[in-house]
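Asks: Chain residues, written in single-letter form:
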Amino acid sequence: MITTLLTGISVGGQYALIAIGYTMVYGILRLINFAHGDVFMVSGMMLIWFVSSTPITIAVPLIIVVTVVLGFLIERAAYLPLRNAPRMSAMISAIGVSYLLQNVITYLTGGQPMTYPTIPLLAKTVGIFGTKQTMATIVTLPMVIVLVISLSFLINHTKVGMAMRAVSKDFETSRLMGIKINNVISVTFIIGSALAAVGSVLYFSNYSKIVAVSGALPGLKAFVAAVFGGIGSIPGAVIGAFIIGICENLIKATPYSVFSDAFTFAILVVVLIFRPTGIFGEKTVDKV
Amino acid sequence: MPDNVLRVENVTMQFGGVVAVNNLSMEINKGEIVALIGPNGAGKTTAFNVITGVYQPTNGRVLYNGETIIENFPKSKMKKLYAGENKGVYKNTIVKTPDQVTKLGMARTFQNIRLFKSMTVFENVLVAKHLRRTSNVFSAIFRLNAKEEQKMREETLELLKLLDLEDVKDELATSLPYGKQRHLEIARALATKPSLLLLDEPAAGMNPQETEELTAFIRRIRDEFDLTILLIEHHMNLVMDISDRIYVIDFGKLIADGTPEVVSSNPRVIEAYLGVAEDAEN
Amino acid sequence: MNDLNKKNSLKSTIIVIACVLAFWGLLLLIENFNLIVPGGPKLFNPTSKLFMVLRKVIVYCLIAVSMNLLNGFTGLFSLGHAGFMLFGAYTFAILTTPVSLKVPADGIFYKYGGSVVHFSLQEAFQAIFGTSPAGERISLILGVLVALIISGAVAAVFAYLIGLPVLRLKSDYLAIATLGFAEIIRTIFQCEVIQLPGGGELVLGKLTNGANMIKGFPTLNSFNIIGENGKTALYLSTVVPAIIVTACIAIIVLLINSTYGRSFKAIRDDEIAAEAMGINLAKHKILSFCVSAFFAGVGGALYAMFATTYQAKPFTSVLTYEILLIVVIGGIGSVTGSCIGSFLYIACSEWWLRFLDEPMFIGNFQVPLLKDGFRMVVFSVVIMIVVLFFRKGIMGTKELPDLFKKKKNKTKGKVNSNAG
Chain A
10 MITTLLTGIS VGGQYALIAI GYTMVYGILR LINFAHGDVF MVSGMMLIWF VSSTPITIAV
70 PLIIVVTVVL GFLIERAAYL PLRNAPRMSA MISAIGVSYL LQNVITYLTG GQPMTYPTIP
130 LLAKTVGIFG TKQTMATIVT LPMVIVLVIS LSFLINHTKV GMAMRAVSKD FETSRLMGIK
190 INNVISVTFI IGSALAAVGS VLYFSNYSKI VAVSGALPGL KAFVAAVFGG IGSIPGAVIG
250 AFIIGICENL IKATPYSVFS DAFTFAILVV VLIFRPTGIF GEKTVDKV
Chain B
508 MPDNVLRVEN VTMQFGGVVA VNNLSMEINK GEIVALIGPN GAGKTTAFNV ITGVYQPTNG
568 RVLYNGETII ENFPKSKMKK LYAGENKGVY KNTIVKTPDQ VTKLGMARTF QNIRLFKSMT
628 VFENVLVAKH LRRTSNVFSA IFRLNAKEEQ KMREETLELL KLLDLEDVKD ELATSLPYGK
688 QRHLEIARAL ATKPSLLLLD EPAAGMNPQE TEELTAFIRR IRDEFDLTIL LIEHHMNLVM
748 DISDRIYVID FGKLIADGTP EVVSSNPRVI EAYLGVAEDA EN
Chain C
469 MNDLNKKNSL KSTIIVIACV LAFWGLLLLI ENFNLIVPGG PKLFNPTSKL FMVLRKVIVY
529 CLIAVSMNLL NGFTGLFSLG HAGFMLFGAY TFAILTTPVS LKVPADGIFY KYGGSVVHFS
589 LQEAFQAIFG TSPAGERISL ILGVLVALII SGAVAAVFAY LIGLPVLRLK SDYLAIATLG
649 FAEIIRTIFQ CEVIQLPGGG ELVLGKLTNG ANMIKGFPTL NSFNIIGENG KTALYLSTVV
709 PAIIVTACIA IIVLLINSTY GRSFKAIRDD EIAAEAMGIN LAKHKILSFC VSAFFAGVGG
769 ALYAMFATTY QAKPFTSVLT YEILLIVVIG GIGSVTGSCI GSFLYIACSE WWLRFLDEPM
829 FIGNFQVPLL KDGFRMVVFS VVIMIVVLFF RKGIMGTKEL PDLFKKKKNK TKGKVNSNAG
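Chains as they are written, first to last, in my numbering: chain A, 10 to 297; chain B, 508 to 789; chain C, 469 to 888.
Only chain A is shown next, with the shape it has when bound in the complex (with noise of 0.2 Å):
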């Protein structure tokens, strides 16, 4: 029991952390970066790759900032042509690129799992509560809470989390104001590509294999997490991302474990009918 709890919010943290990118841009850009889950996974796959000729403690930063790199590199390339289309438009890009980058991945990987390293100090195990953990399970939770936490000094206190909010609320006065909003919007996508690479590192050493669709599914389970908080509220993805954790875990250890993953969803249904703006979302009144 102790072990699914524990299993559960490290894994709800893990979400968090690849959430909060989803979150982050819908905010901001009101888009649903569908390609956020594979860059996660590409992420994973720029350590197996970077292990491979370099220690591991130069490989991890330097996935964040390859991640960081692509990240902005995506918005660029693929979103910002499309800032005065239709939403529609900039899903369907962001559906585009995801397919890209898996079919960059298999091709590279030649459609062949590749083997994760074990990262030594992840990989240790420790004994808490009277069962033996991971070193990843027990650091994620400290780790997503210090991250949040200047996540959330970084908005609240900064001069460019002030633009990010000013642009989350209205876009057009924002560039009025001289808020370069291209800029704005590119932090966003660092952030959440930055965050998304930590998440990669802890999420994939659990694993001991990743392909080229293995980012599909945690991505879309953190976008739901982020649905369920009310999306485009950090809090409310980061306590998302922690429920459906546990809940996928617990669900896990019933006979019912076939459907953990069904479970996402009809939770993402539920919230979705019942309360379309989630947890901590605002509540919006059409214009007519």
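To be clear, the hints were calculated from the coordinates, so they are not data collected in a lab. Accuracy of the hints is not assured; some may be wrong.
To be verified - Computed list of lysine-lysine pairs in DSBU-like fashion (alpha-carbon distance at most 35 Å, straight line): (1) B:K676 <-> C:K866; (2) C:K866 <-> B:K668; (3) C:K751 <-> B:K624; (4) B:K668 <-> B:K610; (5) B:K760 <-> C:K638; (6) B:K668 <-> C:K475; (7) B:K658 <-> C:K751; (8) C:K579 <-> B:K582; (9) C:K638 <-> B:K676; (10) B:K624 <-> C:K866; (11) C:K674 <-> A:K261; (12) C:K751 <-> B:K676; (13) C:K517 <-> B:K654; (14) C:K579 <-> A:K261; (15) C:K517 <-> C:K683; (16) C:K479 <-> B:K676; (17) C:K579 <-> A:K218; (18) A:K218 <-> A:K261; (19) C:K873 <-> B:K676; (20) C:K866 <-> B:K687; (21) C:K751 <-> B:K687; (22) C:K873 <-> B:K624; (23) C:K638 <-> A:K178; (24) B:K700 <-> A:K178; (25) B:K700 <-> C:K638.
Predicted model only: the values in this text are computed from it and were never measured.
Given the coordinates of chain A, work out where chains B and C should sit on it, guided by the hints.
Replies: Chains B and C in isolation, oriented as in the chain A frame:
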């Protein structure tokens, strides 16, 4: 049948803590042209939206041809929050969606033109004929409704002819000049065969000459289609010229009503529009 | 004026019908070309890539058009198509797999001790029409047709149930809710046993064969007529699905051009105005949703026939994305666009770009990059270019006949101006 077509009774619309329309009552008789005026943000469009079913009022009711079509009273969260009057008078909740309201015979236009962008002028009007159909989806697919479809098209053409839009019927609706787009919106509303027409700022963005034309146009359609008209407008010339009666609201509350002469000499109306000098207030 | 219009519309209807008939004839001809002219080009071998691609294109056309009805014409951004296809394909497979294959405990349902469905449609029809070759043939065709219609109907019924709550959502929320539903449906189809709270268990596998394959149901090749010598006397495996799909698409087009189709477009253009014009949003949205699901279900069943074996695994959101991309390439809001899009997409991914997956040598020089998977990379780059720079797709919202009309008008205009 009572001679008032529309009767708005103590309607209050509250969003959270903000009372947008406060205890508004109106009566519109058959064949009248009635204007609803007030400064910006007075709650005119909100009142329109309540009458046409877009918003559910917080309290009050709306009657159409003597039949209650919309009624509500404050409940759940609103019970505590409710800041309007006449609490407890109404006990029923009757909801109508905008399409049901239109089907009853009330059609409206919009303040910011809402034409169907991808369609031609002809199709824009033709769509509005859909609600009077008798065909179901199968008969429509297999063209068993050919006669009805033909009739729809003929009536549409007829209407376009009457409203001087026939020469542009195959043009994209959004490619028309602004004034014509307004005409088209009215044509589209007329295609639903209403007996009450609600116009939300029909003269917005028009120059004086166009406004004058519009005045004549509104009169003409009232006579030709046997309509009753309720309109929101800011152009005072138009309002004074055309209206049989005027309702004035400010901050959601009715402050005056009556014939144009009566209303234009009402000090409260002048105050609402021009404001009061600060020293005069004391 | 009116008579002229009528005449014109009659004329264009005749032209369209003639084109469709010519298309069927052409398909029939090339499919049987090597039977008529032995030793004809290899491309026309019934087993060649061409026909494989054509059949897949035909099936995808229907699925893409059905998605376009929803996303393009009604403006409902739904990503649940894989789920509807699943319903169609499973219904079809369950209803038509011969009894001898699915009922015995050692048949394809061996894991669950045989299927609970103790009949198959074409065998039921054989009881009426007899087992003579002609009787078998009629039974097969009737069985398949009825199964296709039921497949569509099952998909539509579930779409109705899903649509009731989901269609209240808007744009991207609708997209993810439908995506979520499609995933749930897939998990349920893959599920073997559900433990009931009361202690009993519901063996879903007896109906769906769990995550395992279903096979043995009629495929597209079953339409071929086998001669007395055991050889194929007439190939119909491309023409018959083409006829079925054309009929389905014709119904969709008739719907789009009817008064209901106009209301769908009105909803797409401006929901609030449409409602104010007396169009019941909920009713029309769910109508479009169900019709789309119906044809997606039929498409899913045809897809199963094309693929010859069937399991739920590949029906993920990726399949839906693929169809969405086809619709985008063809033009959101264009039926002919979706068909052209399907053709280009399938032909490129399955055929024309295949060479990118093979190592290639020019003289002694091996062209770099070419290896397994490169095709899909190039392909996705092309798609990104379309999505980013040709947002309207190939056809935009125009249809193929519109293009001809325009040309005609232009030439007419020229003649007039010359005369003037």
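Asks: When the structure is checked against the list of hints, which entries are broken? Sort them ascending.
Replies: Going through the list in order, the structure violates hints 8, 13 and 24 and respects the others.
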